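Residue numbers (our numbering), protein chains in the order written: chain A, 123 to 235; chain B, 9 to 122.
These are calculated hints, taken from the structure and not from any lab test. On a predicted model such as this, the values are computed, not experimentally measured, just so you know. C-beta atoms are modelled at their ideal positions from N, C-alpha and C, and glycine is treated no differently. Check before you lean on any hint, since a few could be wrong.
[Unchecked claim] Beta-carbon label-pair distances, calculated as ranges: (1) A:D176 to B:T28: 40 to 48 Å; (2) B:A105 to A:T203: 32 to 40 Å; (3) A:V141 to B:T46: 22 to 30 Å.
[As the list claims (entries may be wrong)] Here chain A is said to cover these stretches of chain B; the calculated rule only asks that three of the stretch's residues, wherever they fall, bring their Cβ under 8 Å from a Cβ of chain A: (4) 47 to 57; (5) 110 to 118.
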Amino acid sequence: GEDVEQSLFLSVREGDSSVINCTYTDSSSTYLYWYKQEPGAGLQLLTYIFSNMDMKQDQRLTVLLNKKDKHLSLRIADTQTGDSAIYFCAESRDGGSQGNLIFGKGTKLSVKP
Amino acid sequence: DARVTQTPRHKVTEMGQEVTMRCQPILGHNTVFWYRQTMMQGLELLAYFRNRAPLDDSGMPKDRFSAEMPDATLATLKIQPSEPRDSAVYFCASKSAPLQETQYFGPGTRLLVL
C-alpha cells in the first residue's frame, strides 16, 4: 500500500515500557520521524533517525529501524502519565529533498496510573 | 524561543462564509506547509511553499481553497465558500533549508463550519 501505517491505540501502565510500531512504504526515505501530539496542541518532533542507522537512543526514547521490512518502532522506557498523547510516524517520501513528510494516522497512547 | 504562530486558534462560521487562516513561520525558515487534520483522514498535506513559491498544492480542493505567501513572514489559507466538511484542525508548519532539518508545527486553527 501507499500509506504509512500504525496501530491506532496502545494502553500501558505507568512505569512499563511502551512500544509503538510503524510500517512505511518508500525504501528511499532518507529520514524517518516520530512526532508527539498532546491534546489541543500541534505536533512536536520527538526524534528522528537517518536511514543508514538501525538504532538511535535519546534518554527514555529508543528508535529501531528495520529497512528490509520497512519497519520503524519507538520505545518509551518507564512510561509516565505525561507521555499520554498521539504519536505519529512520518517518512520523507521524496528523499527529503523538499521536506515533504507523509504521516501515519497516529497511535493514541494511554498511560494508566 | 522561536515558534510557528497561527491565528485564529478557533473559528466558528456558517456555511458559505469566507474563512482566512494565517501563519507566521519561524524567522529564517524558507519552507511552509499547510496540513488538515480530521479524525477520519488523519493528517493530510494541503500545500507547501518554498521561498514563497508554491511547490505542491495537489492536496487542496482548488475550487474553494487558496494558499498564498504575501511575504516571508506570512502564509494564508483561505476557504471560500466554506462547507461543513471543511471542519477540521488546520496546521501550519515551517522548516529551514538543510535536508536534515524537520518541520516545526504551529498550534493549529480549529475550524467549525455550521
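Taking the hints in turn, this is what the structure says about them:
no.	hint	in the structure
1	A:D176 to B:T28: 40 to 48 Å	holds (46 Å)
2	B:A105 to A:T203: 32 to 40 Å	holds (38 Å)
3	A:V141 to B:T46: 22 to 30 Å	holds (27 Å)
4	47 to 57	holds (count 4)
5	110 to 118	holds (count 7)
Going down the numbered hints, you'll see the structure goes against none, and every one checks out.
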